[in-house]
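A.B. asks: Note that the protein sequences, when read in sequence, are chains Y and C. Taking this note's numbering, the leading residue of the first sequence gets 181, the next gets one more, and so forth. Taking this note's numbering, the leading residue of the second sequence gets 181, the next gets one more, and so forth.
Derived from the structure by calculation, the hints contain no laboratory data. Worth double-checking, as some hints may not be accurate.
Put simply, identical chains are the same to the list, so a pair is met inside one copy or across any two.
[Stated by the list, open to error] Cut-off 16 Å, straight-line C-alpha distance, at most; resulting in silico cross-link-like pairs (EDC-like, lysine to aspartate or glutamate): (1) Lys231 to Glu221; (2) Lys322 to Glu247; (3) Lys317 to Asp328; (4) Lys215 to Glu294; (5) Lys266 to Glu359.
A quick note: this is a predicted structure, and the numbers were derived from the prediction, not measured.
Here is how the chains run, residue by residue.
There are 2 protein chains.
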Amino acid sequence: MSTEITERQQEIINVSLALITESGIQSLTIKNLAKRIGFAESAIYRHYENKIQILLAILDFFKRNTEQLFSNQLNSNENALVRIEKLFVTHFRKFTNTPSLVAVIFSEEIFRNEKELSTKVAEIMNLNIASLTTIIKDGQQKGEIRNDIEASHLATMILGSLRMFVKQWSMSNYSFSLEKKGNELSNTIKTLLVP
Amino acid sequence: MSTEITERQQEIINVSLALITESGIQSLTIKNLAKRIGFAESAIYRHYENKIQILLAILDFFKRNTEQLFSNQLNSNENALVRIEKLFVTHFRKFTNTPSLVAVIFSEEIFRNEKELSTKVAEIMNLNIASLTTIIKDGQQKGEIRNDIEASHLATMILGSLRMFVKQWSMSNYSFSLEKKGNELSNTIKTLLVP
DNA sequence: CTAATGTGAGTGAATATTCACACGCAAAGA
DNA sequence: TCTTTGCGTGTGAATATTCACTCACATTAG
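Hey, can you work out the whole structure from these sequences and the hints?
C.D. replies: Written as structure tokens, this is what we have:
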């Protein structure tokens with residue numbers, strides 16, 4: 181009931197993501213959106229009630245994308261270290277192929293004003309941390325991950341490392357291969373986690 | 181020549197920080213600023229050429245604050261693990277006492293449009309990572325930090341962890357003691373780094 | 001007197017949103 | 001089959017609001 185989305189709505193989201201990718205979330209205005217689609221500005225409101233609904237749809241897109249990466253590993257029964265490695269690899273691949281997601285991550289401050297938006301951001305992040313914590317705890321029980329450290333701390337560290345690395349990538353104007361150098365970081369983290 | 185700042189300019193920065201703390205960087209407008217000071221809007225321009233200069237001054241404030249925390253540890257000759265621990269502790273104390281710094285951290289996307297601003301943000305972050313990397317390398321040479329991991333990766337991880345933790349704090353509406361719970365995280369990281 | 005500081009009114013550009021209206025298509029009624 | 005009705009979609013103009021910024025003038029401090 182929530183995923184029913186018309187073609188036009190999808191187009192609006194796609195163009196929104198393109199705008200965000202090109203010049204940041206600040207450039208996502210109704211005017212730019214309409215111009216890019218080849219629309220009158222007013223036509224947008226035939227498809228979304230207001231701009232907040234568009235932003236919520238964007239966050240939904242983000243949520244669906246990252247959530248899937250986590251739940252894929254959550255429902256696997258490989259070695260926890262491998263699952264965490266795959267978490268990194270799939271994230272880096274996703275960010276490489278869909279750079280708009282990177283802009284969305286770091287736009288959270290803009291969502292702070294609207295309660296509905298900031299709630300959604302918090303929700304996504306808490307969910308991801310919870311998934312990661314579950315994976316880690318599981319690995320600790322099976323002796324695949326060192327046991328002398330609280331799982332929630334590890335989750336904070338791992339997610340924080342991932343984000344910081346992506347931040348460095350975006351700050352360098354995407355001047356290196358996220359997937360390749362990310363692999364090295366992923367190995368480093370594996371080394372730290374091993375018992 | 182850059183640090184000469186008048187009383188009024190300092191007041192403008194202080195009020196800016198207060199506004200940012202209360203309702204995010206979005207609420208930092210000339211109108212709000214003037215109202216809070218008890219000013220006409222036009223009076224602002226007697227003290228700052230334009231809004232970008234105000235934002236630059238805010239970033240400068242941020243830079244001075246964090247830079248000092250890093251360089252304090254850079255110039256110490258304690259055990260590297262202790263230096264890193266102190267880095268955490270001093271950061272958490274600073275953020276607790278000056279919450280506006282937290283809002284500034286996560287406002288980077290807003291600075292993306294203006295080149296001068298985004299450059300400054302990148303500059304600050306690169307400097308901090310460089311300082312941290314130096315501390316880690318030093319510790320590795322002295323055998324205080326495990327040697328099987330690249331120092332720059334560790335720096336990314338440590339800074340990423342710190343930021344993610346502060347993010348969780350701010351997302352929880354500052355509902356826990358950053359200093360107290362941060363101590364635990366800091367210990368976790370020490371455990372990971374020890375050879 | 002002079003320079004610094006403050007004022008109030010005003011500007012243009014940008015913002016999201018609303019409104020009356022128009023067009024074309026598809027179903028329903030005669 | 002022709003006509004009517006309604007719906008989905010798009011338009012262009014207008015809305016109110018907010019934004020950073022300017023300018024001629026007034027006040028004040030040294």
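A.B. asks: Are the hints correct? Go through all of them and say.
C.D. replies: Now the hints, each set against the structure:
Taking identical chains as interchangeable, the C-alpha atoms of lysine 231 and glutamate 221 lie at most 16 Å apart only when both belong to the same chain, with a minimum of 12 Å there against 29 Å between chains. Within a single copy, lysine 322 and glutamate 247 get their C-alpha atoms no closer than 24 Å, and across copies no closer than 42 Å, so neither meets the 16 Å cut-off. Taking the shortest alpha-carbon separations for lysine 317 and aspartate 328, only the intra-copy value of 11 Å comes in at or below 16 Å, while the best inter-copy value is 25 Å. For the identical chains of this complex, lysine 215 and glutamate 294 are neighbours neither inside a copy (25 Å) nor across copies (23 Å), given an alpha-carbon limit of 16 Å.
For a Cα distance limit of 16 Å, the shortest separation of lysine 266 from glutamate 359 inside one copy, 12 Å, qualifies, whereas the shortest one across copies, 33 Å, does not.
When each numbered hint is compared with the structure, violations occur for hints 2 and 4.
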